[in-house]
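Asker: Let the hints inform the model, and build the full structure from the sequences given.
Line order of the protein sequences matches chains A and B. Going by my numbering, 336 is the number at position 336 of the first sequence; the sequence numbering is gapless. Going by my numbering, 373 is the number at position 373 of the second sequence; the sequence numbering is gapless.
Simulated from the structure, these hints should not be mistaken for lab results. Don't take every hint at face value.
[What the hints assert, rightly or not] A partial selection of chain B residues facing chain A, derived with a Cβ cut-off under 10 angstroms:
(1) Ser37
(2) Val46
(3) Asn266
(4) Asn433
Built from N, CA and C at the ideal position, the CB exists for glycine as well.
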Amino acid sequence: MHILSYVLKRLMYLIPVLIGVTLLVFVIAHAIPGDPARMMAGQKASREAVENLRRAMGLDRPLPEQYLRYLTGLLQGDLGFSIRNQRPVREDMRDFFPATLELSLTSMLLCVSVGLPLGIVSAIWRNRPIDHASRVFSVFGVSMPVFWLGLMLLLLFYRQLGWLPGSGRLDIGIDPPAHVTGLYLIDTLLEGSTGKFGNAVAHIILPAFCLSYVYLAIITRIVRSSMISVMGLDFITTARANGISEVVIILKHCLKNSLIPTVTITGLSIGELLGGAILTETIFNWPGMGKYVVDSVNFLDFPAIMGFTLVVALAYVMINLAVDVMYAFLDPQIRY
Amino acid sequence: MKRKALWMLTLACGIWLSAAGSPWGADKDTLVVGVSSDIHLLDPAVSSDNYDWRQIYPSYDRLVKYKVAGDEGSTEVEPMAAESWTVSPDGMVWTFKIRKGITFDDGTPLDATAVKFSFERVLKIGKGPADNIGAIQSVDAVDGSTVKISLKSAFGPFLQTLATDAASIVNPNIMKHEKNGDLAQAWMAQNTDGSGPFKIVEWSRGERCVLAAKPNYWGPKPKLQKVIIRFMRESSDQRMALESGDIDIAEGILIDQIPAIEKNPNVVVPRYPSQLVEYVYLNCQKPKLNNKLVRQALNYAVDYQGIITHVLRGNGVQMRGPIPKGMWGHKPDVLQYQKDVAKAKDLLKQAGFEKGLDLTLIYSERRASWEQIATILQSNLAEIGVNLKLELMANPTLRDKVDRGDFELCLGAWSPDYADPSMFMNFWFDSKNFGLPGNRSHYKNDQVDELIRKSLALADVKQRVELYHQAQDVIMQDAPYIFLYQTQTIVPMRKAVKGYVYNPMLESMYNFESISKE
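Answerer: Take a look at the structure:
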């Protein structure tokens, strides 16, 4: 099968997956005991005020009718209306999703650019001091609680040393750039303000490191172990016997053949990160999806919860698809 | 190559400068407040959330405002947009004379029409804030500067309700933003249009909200030019920013970090007695708890001082009766329960539970201290033979259970919306208010109903106090709640901040118009 038709087929599968997700989340969200109209009206509100709100939000309609109305809206690109923020969920996503996307992509960049070389170096100099150091670094990363790491980073680099700024995406007194992509690293450049860009870079360093550390550690360990297993295979010995240089052997033969598990784990990690890293976002006051969805759940803001789930499900499916397509490039034996 | 190097140098300088620059709180014209919750809505007719009111309140004028006596906030009101007022002898009709010369940003005058429009809009929308001014029957603009408000029935605290956020006077021209008959709710959810001393000039969700002072404000000119509200959920983050001088006021620092902050010479940590109280609802409709002897026994079992000393670290006062200290109507000699294990056991015996009983306490994580308090209550009640099962649940679930009366004991908190004891007495004990609206212990006593309803309809404060005092004596014997404590509000701030006034009626809100920085 041609790869294009494979991709199209996978995209077709997306429709039932997303409908299934909406149905599942709708049922679960409405099974939670609690009344969003009461949450919205305030805890001292009279029953009359709560009933008015329930009618205004359409929450007095039967559940199947509410679901069908939601689906109809969805087909027209309408993600619904946030009960808490009293505005379209699409607008909320526009505000909160870019922050998470920016942080996730920066973290992944950090993971791959540090984790990959570290894993390779560990595998080449296996059981040597550099390997031990890299393993200690990885074990530390996998086992360190994120909230503790985040606070320590802020305490050291912001409060004590003053080398990096505190929480948030920009300094307190700096006006955010005009919204084009919502990614400050890009929008500040589009605005032509290198000062703001530098500030945005300075602000993303600590949260990106904090968020990436766990995944970085995992990637390092996976690259190391898969490199070691590939390095022991016959074709590598043959390559060496043929006098091919060690650099070519490592980078072309070993690395390429050990990349499949790395790509899998990287893809899954991006999906996970896009779901919002609530702890990192809370500690570094990063206005992303993690904070948004926790607030929405606490407030029983059903449309917001559904919108969030849909976006994350979509991201997961697309990333998985991208990972599957990459397999074909990495391993010629895989054909679609 | 040279260009690339130059670019890299600029970037490096940018990063370095952003870290090494002077703290943002150093600007004397700008106040930076670190707060723990984002804003969600800006419409005074829709929002019931103090965190929203923090931004809405300074953007609007109201007919009356809370008095400031010296540097202390008061629960009494004084004229604001209204110059003066009169009330009919039966307390049913209030006539306000509106100050001339107040205008909205587009030049529209704040007059009787604007007041009528604003109040009618709140009532027509009928959401949470409508309850605050729900005593109003009709509003008439007699002439440009006279507005007549008729009430459904005489309502003692009416004037106080006009100082609440719900009574903010909005520009009638907002109706040009109306869509599908929504009375401009969609637009007002994200914008303000008032005549107050500040206006919102930027709101980046989840990041910050910026208010700019209006130089031509009709009242005393604000001393600050700009206020930045920075949303910072994490307590440690706020603490670091406060100590570094990046923020001037930190609103959400946890109590266990306060002693460390107090050691910083650049920070002051004032404490104010608040009207926020925490208490335990005892569901009077449930078997076992429908016996007042059992409820009294539970009240005698609790170690009130232990909770205040160890959980609140001394930042609270045990409640005496349902009306907290500082609110008129408080009865300083009403029965106050103290820990008395022998008496509690004796009461349980009289109630027929000498072998003890099993009860369940529900609570949520809404307050960090509740886990500890629940555990202390469990151990206190164990001393009198009550096996207290603890059930932690999500706040929406808990609220649902309280509303339906599906619980035995529940931990809760309450703060009044306006300065009147009815916010405690009528909300908590009137049998018409079963469930979340206020009577969360589902308590019913006809004598109490009669006393508190009578008091609410009177205008004479002395008579009202007398009736509330009588009701309090009955209530304390009936013991429908365990009154734990009234809290202290702690507002850590930089020493340079001057003129902050705490008002117990305006929890989490600030008098930006009179704050300055040295």
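Asker: Is the hint on Asn433/B kept, meaning its closest Cβ partner in chain A is under 10 angstroms away?
Answerer: Holds - the Cβ of Asn433/B comes within 10 angstroms of chain A, reaching about 8 angstroms at its closest.
Asker: Can the hint on Val46/B be confirmed by a CB-to-CB distance to chain A that is less than 10 angstroms?
Answerer: holds, 7 angstroms
Asker: Report holds or violated for the interface hint on Ser37/B, using the least CB-CB distance to chain A and a cut-off of 10 angstroms.
Answerer: Hint on Ser37/B: holds, closest Cβ of chain A at ~9 angstroms, below 10 angstroms.
Asker: Would you settle whether the hint for Asn266/B is holds or violated, based on the nearest Cβ-Cβ distance to chain A being less than 10 angstroms?
Answerer: Constraint on Asn266/B not satisfied, violated at 14 angstroms.
Going through the hint list in order, the structure does not satisfy hint 3, though it satisfies all others.
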